[in-house]
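Novice: Letter by letter, the chains look like this.
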Amino acid sequence: MARAVVTVPPRAKRGEIVEIKTLAQHTMETGFRRTQTGDLIPRDIIRTFACTYNGVEVCRVELHPAIAANPLIAFTTVATESGALKFEWAGDNGYSVTEIAPIKVE
Amino acid sequence: MSLRFALLLACLLPGAASSGDIPLSERRSGYEMMSRETQKIQDEDATNPGTLWVLDGEALWAKKSGSAGKSCADCHGDARQSMKGVAARYPAFDPARGRPLNLEQRINACRADHQTAPPFAYESKELLALEAYVARQSRGLPIAPRIDTKTKPFLEAGRETFHRRQGQLNLSCSQCHDDHWGKKLAGSVIPQGHPTGYPIYRLEWQNLGSLGRRLRGCAFGIRAQVPELGSDELVDLELYLMWRARGMKIETPGVRP
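One line per chain: the protein sequences are U and V, in this order. As numbered in our numbering, residues 3 to 108 make up the first sequence, in order. As numbered in our numbering, residues 113 to 369 make up the second sequence, in order.
Be a bit skeptical, because a hint or two may be false.
Said to hold, decoys possible - Across the chosen pairs, the derived CB separations fall in these ranges:
1. V:Lys296 <-> U:Arg62: 37 to 45 Å
2. U:Thr29 <-> V:Asp155: 22 to 30 Å
3. U:Ala92 <-> V:Arg277: 49 to 57 Å
4. U:Arg16 <-> V:Pro135: 54 to 62 Å
5. U:Glu18 <-> V:Asp133: 48 to 56 Å
6. U:Ile43 <-> V:Pro230: 26 to 34 Å
7. U:Glu18 <-> V:Lys176: 39 to 47 Å
8. V:Ala180 <-> U:Gly17: 52 to 60 Å
9. V:Tyr234 <-> U:Glu64: 34 to 42 Å
10. V:Pro135 <-> U:Gly85: 54 to 62 Å
11. U:Glu64 <-> V:Gly189: 41 to 49 Å
12. U:Ala92 <-> V:Ala180: 37 to 45 Å
13. V:Asp133 <-> U:Thr32: 39 to 47 Å
Claimed, not checked - Below are the SDA-like pairs computed for lysine to any residue, each with C-alpha atoms no more than 25 Å apart in a straight line:
14. V:Lys152 <-> U:Thr79
15. V:Lys237 <-> U:Val99
16. U:Lys88 <-> V:Ala158
17. V:Lys196 <-> V:Asp225
18. V:Lys264 <-> V:Lys361
19. V:Lys196 <-> V:Ala158
20. V:Lys237 <-> U:Ala71
21. V:Lys152 <-> U:Ile19
22. V:Lys237 <-> U:Gln38
23. V:Lys175 <-> U:Glu101
24. V:Lys361 <-> V:Glu235
25. U:Lys23 <-> V:Pro369
26. U:Lys23 <-> V:Thr159
27. V:Lys237 <-> U:Pro67
28. V:Lys237 <-> U:Thr100
29. V:Lys175 <-> V:Ser236
30. U:Lys23 <-> V:Asp157
31. V:Lys237 <-> U:Leu42
32. V:Lys152 <-> U:Ala71
33. U:Lys88 <-> V:Leu167
34. V:Lys262 <-> V:Arg358
35. V:Lys182 <-> V:Ser194
36. U:Lys23 <-> U:Thr78
37. V:Lys237 <-> U:Ala4
38. V:Lys175 <-> U:Ala4
39. V:Lys152 <-> U:Arg13
40. V:Lys237 <-> U:Pro73
I should point out that these hints are in silico values taken from the structure, not numbers from a laboratory. This one's a predicted model, so the numbers in the text were calculated from it and none came from an experiment. C-beta atoms are modelled at their ideal positions from N, C-alpha and C, and glycine is treated no differently.
Isolated chain U, as found in the complex (with noise of 0.2 Å):
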């Protein structure tokens, strides 16, 4: 199961600041650890995060091995036209989840 939830707000006026909250399942194994019989549990990490804002890049983020387990990444963007953020999450172990949410610009 690799989950993500997207907070955006609904609608928002034209050139409002809106925050946007985003939560991503993940272990974040760091790589650094080892089993009890000694050998190394590998990496398994999500490497990056990127936000598009009706195909317009708004935040990109690259996450290491100290990044919590399922990662908060919260931003803000300026609300400009209605339409859509796109989320993306990429990762070790082909790790990728999108997630799509609407924005009503008034």
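Mind docking chain V on chain U? Use the hints.
Specialist: Just chain V, lined up with the frame of chain U:
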């Protein structure tokens, strides 16, 4: 370290006798003792990582499982109605098994009896997800385990465990959580130990976990023998803790440091 020893010493001195149960009006959820930042993570579904498990649980609720080919929803319908207030009265007495079951055991009993499906392992993602989804439906409702002639002996067994000194540190649950709550143990605030938000997302675990897992952590901390998940001892203790927190509001999914 010196704080920890000072506290230990205070517990062991003959003068520091138990001050008894916390008066009902002075009870505080662990929520009130954590930082504002951690409170904010819990407050909103958009930031509470427990939401991820609740949504997984919602999907599992509707999924057919076992050779009976039934889903939880086939019997129980919409959990938002049918499961409202259920978690607030668990552990609850099960006549077939002759003792109280906690919510995880109830879910597995349902799987065995009605779905003919293998049980989920304790602390497995599936069991925690279903438990979180069921308990989420009781958010804001007062904790109210049913105490009657059938459950009373188990409540008393739990009370006895809570007050029994155990482990190499020779401490009882009560010494920390009744007598010294609000003080600090190695930099962390000692909470009163009310199970208001289980299963909780604990930042230290980086994961969701059950009350049983939390209690095992405490037993390990006082260097006592760690009870098995789902053992009678743990479930009786859970029943006592729920009774001790009666009337307090369910917060599931809680977030704790």
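Novice: Give a verdict on every hint.
Specialist: Taking the hints in turn, this is what the structure says about them:
1. V:Lys296 <-> U:Arg62: 37 to 45 Å: 41 Å, holds
2. U:Thr29 <-> V:Asp155: 22 to 30 Å: Cβ of Thr29 of chain U to Cβ of Asp155 of chain V: about 24 Å, so the range 22 to 30 Å holds.
3. U:Ala92 <-> V:Arg277: 49 to 57 Å: 53 Å, holds
4. U:Arg16 <-> V:Pro135: 54 to 62 Å: 55 Å, holds
5. U:Glu18 <-> V:Asp133: 48 to 56 Å: At 52 Å between Cβs, range holds.
6. U:Ile43 <-> V:Pro230: 26 to 34 Å: 27 Å, holds
7. U:Glu18 <-> V:Lys176: 39 to 47 Å: Distance hint for Glu18 of chain U, Lys176 of chain V holds at roughly 45 Å.
8. V:Ala180 <-> U:Gly17: 52 to 60 Å: Hint holds: Cβ distance 57 Å, inside 52 to 60 Å.
9. V:Tyr234 <-> U:Glu64: 34 to 42 Å: 36 Å, holds
10. V:Pro135 <-> U:Gly85: 54 to 62 Å: Distance hint for Pro135 of chain V, Gly85 of chain U holds at roughly 57 Å.
11. U:Glu64 <-> V:Gly189: 41 to 49 Å: Holds: the Cβ-Cβ distance is about 45 Å, inside 41 to 49 Å.
12. U:Ala92 <-> V:Ala180: 37 to 45 Å: Since Ala92 of chain U and Ala180 of chain V have Cβ atoms about 40 Å apart, the given range 37 to 45 Å holds.
13. V:Asp133 <-> U:Thr32: 39 to 47 Å: For Asp133 of chain V and Thr32 of chain U the Cβ distance comes to about 43 Å; the hint holds.
14. V:Lys152 <-> U:Thr79: Distance of about 21 Å is within 25 Å: holds.
15. V:Lys237 <-> U:Val99: Distance ~19 Å between Lys237 of chain V and Val99 of chain U Cα, so the pair holds.
16. U:Lys88 <-> V:Ala158: 17 Å, holds
17. V:Lys196 <-> V:Asp225: Holds: Lys196 of chain V and Asp225 of chain V sit about 22 Å apart, inside 25 Å.
18. V:Lys264 <-> V:Lys361: 22 Å, holds
19. V:Lys196 <-> V:Ala158: Given that 25 Å is the threshold and the Cα spacing comes to 22 Å, the pair holds.
20. V:Lys237 <-> U:Ala71: 14 Å, holds
21. V:Lys152 <-> U:Ile19: 21 Å, holds
22. V:Lys237 <-> U:Gln38: With a Cα-Cα distance of about 22 Å, the restraint between Lys237 of chain V and Gln38 of chain U holds, given a limit of 25 Å.
23. V:Lys175 <-> U:Glu101: 23 Å, holds
24. V:Lys361 <-> V:Glu235: This hinted pair holds, its Cα atoms lying about 24 Å apart.
25. U:Lys23 <-> V:Pro369: Judged against 25 Å, a Cα distance of about 21 Å means the pair holds.
26. U:Lys23 <-> V:Thr159: This hinted pair holds, its Cα atoms lying about 7 Å apart.
27. V:Lys237 <-> U:Pro67: Status holds; Cα separation ~22 Å.
28. V:Lys237 <-> U:Thr100: 22 Å, holds
29. V:Lys175 <-> V:Ser236: Within the cut-off at roughly 17 Å; holds.
30. U:Lys23 <-> V:Asp157: It holds: about 10 Å lies between the C-alpha atoms, which stays within 25 Å.
31. V:Lys237 <-> U:Leu42: 23 Å, holds
32. V:Lys152 <-> U:Ala71: 18 Å, holds
33. U:Lys88 <-> V:Leu167: 20 Å, holds
34. V:Lys262 <-> V:Arg358: Satisfied, since the Cα-Cα distance of roughly 18 Å is no more than 25 Å.
35. V:Lys182 <-> V:Ser194: 17 Å, holds
36. U:Lys23 <-> U:Thr78: 9 Å, holds
37. V:Lys237 <-> U:Ala4: 12 Å, holds
38. V:Lys175 <-> U:Ala4: Status holds; Cα separation ~17 Å.
39. V:Lys152 <-> U:Arg13: Satisfied, since the Cα-Cα distance of roughly 23 Å is no more than 25 Å.
40. V:Lys237 <-> U:Pro73: 18 Å, holds
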